[in-house]
Every structure is written in structure tokens, then in C-alpha cells.
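There are 2 protein chains.
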Amino acid sequence: MRVPRAGAAGFGQLGEVRLRPFRSFRKRPKKIRDFGKSVFGSRRTTSSSRFPWLLKLSVLIAGLGIVLFTFRSVPLLAQFNSLIPGLPRPAPAIQMLRLLPEERLRNLFTYNGIWLFPKNQCKCEVTKPQGYDFQSAYDQSDLPAVNARRQAEFEHFQRREGLPRPPPLLAQPNLPFGYPVHGVEVMPLHTVPIPGLQFEGPEAPTYEVTLTASLGTLNTLADVPDSVVQGRGQKQLNISTSSRELLNFILQHVTYTSTVYQNHRVDVVSLESKSSVAKFPVTIRYPVIPKLYDPGPERKLRDLVTIATKTFLRPHKLMTLLQSIREYYPDLTVIVADDSKEPLKINDNHVEYYTMPFGKGWFAGRNLAISQVTTKYVLWVDDDFLFNSKTKIEVLVDVLEKTELDVVGGSVLGNVFQFKLLLEQGENGDCLHRRSGFFGPVDGFPSCVVTSGVVNFFLAHTERLQRVGFDPRLQRVAHAEFFIDGLGSLLVGSCPQVIVGHQSRAPAADQELASLEKMYSTYRANTKAQVQFKLALHYFKNHLQCST
Amino acid sequence: MRVPRAGAAGFGQLGEVRLRPFRSFRKRPKKIRDFGKSVFGSRRTTSSSRFPWLLKLSVLIAGLGIVLFTFRSVPLLAQFNSLIPGLPRPAPAIQMLRLLPEERLRNLFTYNGIWLFPKNQCKCEVTKPQGYDFQSAYDQSDLPAVNARRQAEFEHFQRREGLPRPPPLLAQPNLPFGYPVHGVEVMPLHTVPIPGLQFEGPEAPTYEVTLTASLGTLNTLADVPDSVVQGRGQKQLNISTSSRELLNFILQHVTYTSTVYQNHRVDVVSLESKSSVAKFPVTIRYPVIPKLYDPGPERKLRDLVTIATKTFLRPHKLMTLLQSIREYYPDLTVIVADDSKEPLKINDNHVEYYTMPFGKGWFAGRNLAISQVTTKYVLWVDDDFLFNSKTKIEVLVDVLEKTELDVVGGSVLGNVFQFKLLLEQGENGDCLHRRSGFFGPVDGFPSCVVTSGVVNFFLAHTERLQRVGFDPRLQRVAHAEFFIDGLGSLLVGSCPQVIVGHQSRAPAADQELASLEKMYSTYRANTKAQVQFKLALHYFKNHLQCST
Numbered sequence: 001m002r003v004p005r006a007g008a009a010g011f012g013q014l015g016e017v018r019l020r021p022f023r024s025f026r027k028r029p030k031k032i033r034d035f036g037k038s039v040f041g042s043r044r045t046t047s048s049s050r051f052p053w054l055l056k057l058s059v060l061i062a063g064l065g066i067v068l069f070t071f072r073s074v075p076l077l078a079q080f081n082s083l084i085p086g087l088p089r090p091a092p093a094i095q096m097l098r099l100l101p102e103e104r105l106r107n108l109f110t111y112n113g114i115w116l117f118p119k120n121q122c123k124c125e126v127t128k129p130q131g132y133d134f135q136s137a138y139d140q141s142d143l144p145a146v147n148a149r150r151q152a153e154f155e156h157f158q159r160r161e162g163l164p165r166p167p168p169l170l171a172q173p174n175l176p177f178g179y180p181v182h183g184v185e186v187m188p189l190h191t192v193p194i195p196g197l198q199f200e201g202p203e204a205p206t207y208e209v210t211l212t213a214s215l216g217t218l219n220t221l222a223d224v225p226d227s228v229v230q231g232r233g234q235k236q237l238n239i240s241t242s243s244r245e246l247l248n249f250i251l252q253h254v255t256y257t258s259t260v261y262q263n264h265r266v267d268v269v270s271l272e273s274k275s276s277v278a279k280f281p282v283t284i285r286y287p288v289i290p291k292l293y294d295p296g297p298e299r300k301l302r303d304l305v306t307i308a309t310k311t312f313l314r315p316h317k318l319m320t321l322l323q324s325i326r327e328y329y330p331d332l333t334v335i336v337a338d339d340s341k342e343p344l345k346i347n348d349n350h351v352e353y354y355t356m357p358f359g360k361g362w363f364a365g366r367n368l369a370i371s372q373v374t375t376k377y378v379l380w381v382d383d384d385f386l387f388n389s390k391t392k393i394e395v396l397v398d399v400l401e402k403t404e405l406d407v408v409g410g411s412v413l414g415n416v417f418q419f420k421l422l423l424e425q426g427e428n429g430d431c432l433h434r435r436s437g438f439f440g441p442v443d444g445f446p447s448c449v450v451t452s453g454v455v456n457f458f459l460a461h462t463e464r465l466q467r468v469g470f471d472p473r474l475q476r477v478a479h480a481e482f483f484i485d486g487l488g489s490l491l492v493g494s495c496p497q498v499i500v501g502h503q504s505r506a507p508a509a510d511q512e513l514a515s516l517e518k519m520y521s522t523y524r525a526n527t528k529a530q531v532q533f534k535l536a537l538h539y540f541k542n543h544l545q546c547s548t
Numbered sequence: 001m002r003v004p005r006a007g008a009a010g011f012g013q014l015g016e017v018r019l020r021p022f023r024s025f026r027k028r029p030k031k032i033r034d035f036g037k038s039v040f041g042s043r044r045t046t047s048s049s050r051f052p053w054l055l056k057l058s059v060l061i062a063g064l065g066i067v068l069f070t071f072r073s074v075p076l077l078a079q080f081n082s083l084i085p086g087l088p089r090p091a092p093a094i095q096m097l098r099l100l101p102e103e104r105l106r107n108l109f110t111y112n113g114i115w116l117f118p119k120n121q122c123k124c125e126v127t128k129p130q131g132y133d134f135q136s137a138y139d140q141s142d143l144p145a146v147n148a149r150r151q152a153e154f155e156h157f158q159r160r161e162g163l164p165r166p167p168p169l170l171a172q173p174n175l176p177f178g179y180p181v182h183g184v185e186v187m188p189l190h191t192v193p194i195p196g197l198q199f200e201g202p203e204a205p206t207y208e209v210t211l212t213a214s215l216g217t218l219n220t221l222a223d224v225p226d227s228v229v230q231g232r233g234q235k236q237l238n239i240s241t242s243s244r245e246l247l248n249f250i251l252q253h254v255t256y257t258s259t260v261y262q263n264h265r266v267d268v269v270s271l272e273s274k275s276s277v278a279k280f281p282v283t284i285r286y287p288v289i290p291k292l293y294d295p296g297p298e299r300k301l302r303d304l305v306t307i308a309t310k311t312f313l314r315p316h317k318l319m320t321l322l323q324s325i326r327e328y329y330p331d332l333t334v335i336v337a338d339d340s341k342e343p344l345k346i347n348d349n350h351v352e353y354y355t356m357p358f359g360k361g362w363f364a365g366r367n368l369a370i371s372q373v374t375t376k377y378v379l380w381v382d383d384d385f386l387f388n389s390k391t392k393i394e395v396l397v398d399v400l401e402k403t404e405l406d407v408v409g410g411s412v413l414g415n416v417f418q419f420k421l422l423l424e425q426g427e428n429g430d431c432l433h434r435r436s437g438f439f440g441p442v443d444g445f446p447s448c449v450v451t452s453g454v455v456n457f458f459l460a461h462t463e464r465l466q467r468v469g470f471d472p473r474l475q476r477v478a479h480a481e482f483f484i485d486g487l488g489s490l491l492v493g494s495c496p497q498v499i500v501g502h503q504s505r506a507p508a509a510d511q512e513l514a515s516l517e518k519m520y521s522t523y524r525a526n527t528k529a530q531v532q533f534k535l536a537l538h539y540f541k542n543h544l545q546c547s548t
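Chains F and L supply the protein sequences, listed in that same order.
Just so you know, my numbering puts 261 at position 261 of the first sequence, and the rest follows in order with no gaps.
Just so you know, my numbering puts 82 at position 82 of the second sequence, and the rest follows in order with no gaps.
Hints listed in this document are in silico derivations from the structure and should not be mistaken for laboratory results.
Treat the hints with caution; some may be incorrect.
No farther apart than 30 Å at their CA atoms in a straight line, the calculated lysine-lysine pairs in the BS3-like style are these [unchecked claim]:
1) F/Lys420 to F/Lys390
2) F/Lys528 to F/Lys518
3) F/Lys345 to L/Lys518
4) L/Lys518 to F/Lys235
All figures in this text were calculated on a predicted structure; none of them were measured in a lab.
All chains should be modelled from the sequences, with the hints used to inform the complete structure.
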């Protein structure tokens, strides 16, 4: 749901926020999504147009009950204007009401030099080195069909997730009702009491109160005759009594029964008496079922952590890694996923070895490996890493145990590789802004920081990592893709003081191994086709437009 | 957070709901969690104790601002009583206010004959055939240590999920403010405008309004001197002006900036003027990143569906299954996970074959298989199934495409096997009530039903299935465990008209195969140890107490 685009251009006309909107709507639709220009737009005052506008606005507000509203892609003042109570005010006073100078407004909504809200045009400047227009991954001729499929899949996704969420629900002042503004939850197909309902309006010979639900039915636990309460077990409950006390007793015992099986829905229940209407949300949601891991009586590291890796055509690197691991962690379980031609023989009781179809790919292997983990945490390492005395898994465990982080990375040799992902929502897909660095320190761990993505050496909550997963569609070079899939579900930290080494990049002396490495490199290379594929994946799968 | 247990016993004293609570609190704590008995408790009236109680209640309400409240484990009237405004009322009137007879109250909260709310004692009657007290899986002597670990892990889980959720927020009547009761969302570390703020209280020489946040900071876009607005960019914003119009302009342009990096948090922002306080939630949440699949220009079934199976020591069954699949679906990709001793040779370009450590187990294999799927949907089949003309995958695809279901099962021969899972929340773990059958028809598909669990033959949204996963800790017989892990995240349907066959259970004629089958059966058997392990897993991992 969107605010009518009225007044989108108004952001620019600082002194006239109440006057311009519906004019703009009628006369300057083009400016609507074009704040940059409108900032310096003309400043004609148009008091004459005030009353038609107020009329429309009151009709709009009265008609909708709640203001159609969203943060997603509506310029700032359009939102505010639409919320201004529709009361005429003296023109002179209006002139006093100014917003901050544009520069200060911008700064309030600027992150890392990226000015997001209320611009929300999600126009990426793809000129930057990392900048990509994901659409460019497709042939122009295919785009119409691709976009139709993308839109259809996106709508199916939204329907299932209960998106877009209903617009904010705005309470009017001086409502005679007490009611729960937040936090009433019911499991699908279950019944709950609604707390806090009461009426404290003016005295009257009889009180008529009506409750209305849309995704469920209403009832009251009060024992009163049908003449007083009508519509028990239906979507509309009517109460009519001359006793305010009885009315409140009935209200205090109202119940809501969810009649839809869909999860994650919000019903907006209304409570009416005469011209007063209160609306409040009832969230239909199933509780989260925990998936806990028992660390065992001694809380040994091997009962808390599993090491996972993926290898391809370089057994010597893998073996070197395993040896280095054993030097420091003799009994940790190591899970190896291998999509090479020949299966390996590994004599290590604590290594679990899995073979895959040849060349199935990098993320497929990573996803296989983590699918087998049975401990609370999993440590990801590449097959050419090298453990040393600074590779302290315990430190990473301590961070995850004492914070809400889902993933915490270390560093590979000197390489810390922290990056932030900033999401800017747009109508035809979101824009993703990637910047190196971090957001701030981790609570309680000053040497660690919160960020969006880290190196290929990280400890993670197994259950959370499995939930995000490594997309097996990504066959070759892929890394940031995982953290993009994890946006919003993975809280990522980085503790550079925990360091893993890297094996020499010099080619192997041994003939056979050298030829294997050659073959490996031909597969490892990020071909143009691969890059195109990844861009297309962001465009279609993640519903992104571009990245900067 | 819990309501003081006052009045828990009150449910029984129908005519005296206002009088008994704090007496009960003082004198009959034992009854509190024991509604069954208290229903028939004594009926002494105790008007004398009314005023101390009212005093306490008003202090309670005033002091808390919102009523401490939860549906989780507080008997019904305790909740309602705590919400009754603390105003003395004539004793005679009180006598009229009765709740429905107990029988009708029970019925309102009874599902499948299981009476849940407000009993919420989560005492399973484990006498039923399927009934289990999960604690019994542990040695009595180990329990104290186990419970300590279980509690610690549960608390870590809750901290990370932002649980328990704050109690419902109750709006008082006749507040002079307009404000957003629901739907204001901000990404962690981002800034949003707060819509709908306004003051419509009585005229006054100066208006003093204070906004307070706890997980973020406040500001306003209004350009006003510091004498009018104090605390920009801080947790408390103070507005002081003699112009109501300016006050409302400032309020209409208030912004909220999230200062915590944790996701899924709710900040309760308060808006105060004199004695009036409005509170509203600001949800700190990252948008969900879509993971869409491109069905391709022709929307071929092979671009939409992958078949996944797990096999162990019975290659002939697997081969028979594959042949039957190819009869009807020549080019669908089939993913096979095998933890047998010897790897198989399968000559089929559309079969992906994975080998695992010997006997790694049933759910590990299932989890491996689904980790490799790259299509929107995945069809699960056992290795001893047999496709026939009624095995119409297209029908199941149609159901998932047109509904919000995540999983839709068919039937195996005549076996429909639908079961419902009812969750009853409790303090030391939840109770799970399992009943055969379904909840109701699927919207738009009268021949299909909504339920909680189905047979081992189902089509699922790959992304959702991977998110829930098959717990690799479950090595042997396991089935319902998956649907329990999926409670609240999987919406399950069943369409029995889509049927898969089952291969003959007669032992193989061939000597070698027969001996394999023997070996298989020794592994397949659900040993006592295995059963214990599963019960323990429900107790610890899912934080359940028992099942009926």
C-alpha cells in the first residue's frame, strides 16, 4: 500500500509544506520520484488551493481510518503531509513552520555517505568499482519475460511471508477506549483473551460498543443474556447495555479466536462506539520451537564445535590443513566435502568424508558440509588454510556464547576483510550498497566489531548457518553472496585477533599435484559467464536492482 | 515477565472476581497453579479486604504503566483481574458480574478434547499410547546437571531471538495524543520518521511534551530553536512551546534512530505530557531478503522440481525406484544420498549421487540430499517407493503454487498418515499433543487439508525445507521429529489423491541382497537406546516436557 504520491515534490518547498501536496499531485507527477530536482523547484505560494486539498485530505483520512503509509518508497514529506490533521490554519502561521535546511535533513538519513531515506529512488551509481547493474546480466530481448517471471515469483514469496506488512496503524487522540496497542498474539486456530479493553466515555443511557475482526472471531467470557451481547463466535461482536460497569466487565473478558491457518498474519481489530474508533493489532503467530544443543557435562570443545571444509582437486592442501588442525585440536570433528574426480583415503577417526558428483561446486560443497554438523557451532575453513598458535577457536566460541551474534569471523594472515551491506529498498528491487569496514564494537568485546560480512574463516551457530545456507547454485567463486542471503537473519561480528594461516601459493613440486593444481585453477577461475550468472542471481533470486 | 499470581485461584469464585485475588495471593499460594481444584474452592466473601487490594492494584498499575502480562502460564482470571481498573464499586453490583459456567469456559479453550488455556499447567497425561515424559529419558541422577545445561542453552536461545517478547502494551482511555499503535519499523542502526504523532489536549499557556526511547535516539526534522526542542539525537526529546501548531508540526516530524545492532527487538517509545502517557512500539527489524528461483522461460517441471532420496544397504530397492521414476519423469533430477558400505554405479545423467561415511544415518542423509537442491521445489521419496500413474507431481506443484503452504504430502498406497501437533506452553518446557487428522480444508483445494505432519512423500519449498532441515543427530527411525522442528515455520498440507506406490516387503531372492537386507534391518530397528535418545532430544533440543 502506498500513500498517494501527493506532495512528494513538497520536500523541496520548505516553507509551504501544507500547501503544495495535492497541487503537485495534479500538476507535477513527474517530480514525484525526483526529489533531487524538486529541491530547487519553484516556490510559488498557492493558498487558493488549500481548501480543495483539505477536503480531499479529510475524506482520505476519514475514509481510510488509518493512513495508507509505508516507509518503502514514498518521499518524506508525502508521508508527513498525509498525516497532518485536516484543519484549516491561518496562512501567516504556516510560514513559520519550516523543516531543517536540506543539508541537515540529508545528514539525518545518510549512512556511509549514502543518502537513503526519503530519497528511496534506489538509483545506484554503478560507476563505482564494485558497482553492478544486475539487470545487465540478461539480454535486453529476454528482459520482459525475465521480469514477468521475477515479479510472479516475488509475489508468491510475499504472499507466503505475509508481505507487504500492513501500514502503520495510527491512534486518534482522546479515544474513550482502553485497548492493547501491541503484543496480543494468538497461535493460528487458537483462542486468546484480549487484555485491557475498557470504555471510559461520557455517561449515556445506553452504551453501544462494537468489536470487529477480519481474520478471526470474537466472544466474551462474561455470562450475559443475548440481548446484551450479540454475535458471539462471529467476526462482529455487538454490546448494548445501560450499565457501564457491565459493559466494562464484558470488554475485560473479550476473546479472539484465529480462524486462519496462515502464520505471521496481523489482524486489525476495531473497537467502536458512536464516532470513536480504536484499532489494534492481533498478531497470528506460532511460537519459535527451540533447537538447542547439549554441550555435554564437561563442555568439551569437541562437543561444541565441528570444523567444516570443502575441497576440490588439491588433496595435498587438504592434508596439510588437517595436519595443522590436529596439531592444535586432536579430537575435533572435521567434515570434508569433496567434488574431485577421485575419492581420498583419510586415516583419521574424527574426519567425516563426503564425495559429491565431480565439479558440483563450491557452495554446494559448503552446504553439504554444514548439513552434517551436529554440534552447536561450526567453524568454516578453506582447504588451503593452516592452523597456528593464534588460531584460537575458544576465543570465537566465547564471543558467540556471550553475545547475540550468529557468526564471528577471524582473520586470514593479515587479511581482516570486513564489509558492511546497506540495503536501500525500491519498488522494482532493492539497491545494495557495499562498503568496507564495520558498524561498531561488539558489546563486551572491544577488540571485536559488528559488520555484515567477514573472511572465509568464521565460527557460526550451526542452526542459524543451516537456515541461511550456502546456495548450491553458486558453483565457483562466491563469498559475499552468502552474507547477502544472510542479510537480516545473520548478525555478524569480526575478531581479527583470532588468526588462521594460509598455505603457500607456490605451485606444487610434484608433477601429478602440479597438473591437478592446473586443472583446479581452470575450474576456480571466475569466468565472464560465472560473473553474469551471479549478477543474474542477485537480480532474480534476491530481487536486487544493483549494487554500489 | 509475569502477572503477580494474585487471583490465580479466582477463576473458581465466579461471583467475586474483584474480591478474592490478593487474599488468594496471601493465603492460598498453593492453589495458584492448580485451577482444577480451585474451581470448587470456598466462597467466603471478604469485602473487608477490598481496599488494601485496590490500593495494591492501583500502585501496581500506576507503577508499571503497562500491565505485566503474559499468556504463557498465568491462569485466566489472574490476567483479567489484573486488568480491572482499580476503582471501588458498590458491592451489590459486583455480584451481577459472572463469567460463563465453567463448562462453557472450558469449551472455548478446548482443542481436540484437549483443554489448554488458561489451565496452562502443561501436565501431560502420559498414560496415552503415544504419551511420553521426555525427562524419563535421563537418569534421575543426571537430571539436575542436564536441567542446568538445558536452562542455560534455552536462555542463550531466548536472548538471541529477543524472547520472551515484551508483555502487551495497554493504552489508557482519553489520551490527548495521536500516535502509531502498530507498524513503525526501522532497520538496525537506521533512522525513520515516526508517523501520526499529535497533541490534542486542552489549551494551555505552554505545552510541554516529552518523548523517550530506550533502544534508540529521537530527533525532529522541524527547524526550531533549542529553547523549543531539547535533546535532539538523544534518548529523551523535550518539546516546550506556547504554540500548539508548532508543537504539532514538531511532533509530525519526529524521527527515531535505532542505536542497537540486534535484530528483532521492540523499543517502547513513550510520549508524555503532564499526567498523560502514551506508549507505542518501534520494531527494529531487517527486511526479509527473498530467495527466489527462476522457473525458466518454459516453466518445465525439471526446472521446478528435484526428487531427493536417501538409501542404505538396499541398492535393488533404489534401482527399482529410479526405474519407476524414469517411466513417468524421464528428465527430473534425482539426488541420492547413500551411507552404505560400497558406492553404487548409477548410469543416469539426471541422477546426482553422494556417498557418506558408513551408517551416518537417516536424517543426516536426508539433510545432505536437500542441501544440494537448486530448484524451487523438492519432492521427498523413500528409496523403497514405486512411482505409478497416480504419482502426479504436477498436482502437488499446483497446490504449492496457488497457496501459502510450505509442504504438501500425498499418500503412500492407502496410507494418508496426517497428524496434528498442538503446543501447550509451560514454564519448564512445552507440552506437545499429537492427534491424528487435520485442521480443515486448504483454501481453493477442497480435496486437500491443512495439518501438522504427513507421510514421507511430500513436495516442499526447497528454501523453507532447508531452513528447517532434517536434524542429522537423528540416525535411525525418525519422522515426526522433522515436523516438530518445523512447528511454526512449516505450513503443512495433505492431498491424499496424489499417490505413490511401495515396493514389495518380501525378502529379496538373491542371496547377497537378502543378507544386505538382513544387515539393513539390524540398523533400521528402533532400539531402546534410540528411543531414549529421541526422547532426550525433544526434552533438551526442543525444550519440550512431554507429549500425549
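Results for each hint:
A hinted pair counts as satisfied when its Cα atoms are at most 30 Å apart, and lysine 420 of chain F with lysine 390 of chain F qualifies at roughly 26 Å. Restraint check for lysine 528 of chain F and lysine 518 of chain F: the C-alpha separation of about 19 Å stays at or below 30 Å, so the hint holds. Restraint check for lysine 345 of chain F and lysine 518 of chain L: the C-alpha separation of about 28 Å stays at or below 30 Å, so the hint holds. Note on lysine 518 of chain L and lysine 235 of chain F: the hinted pairing is violated, with a Cα-Cα distance of about 59 Å set against a maximum of 30 Å.
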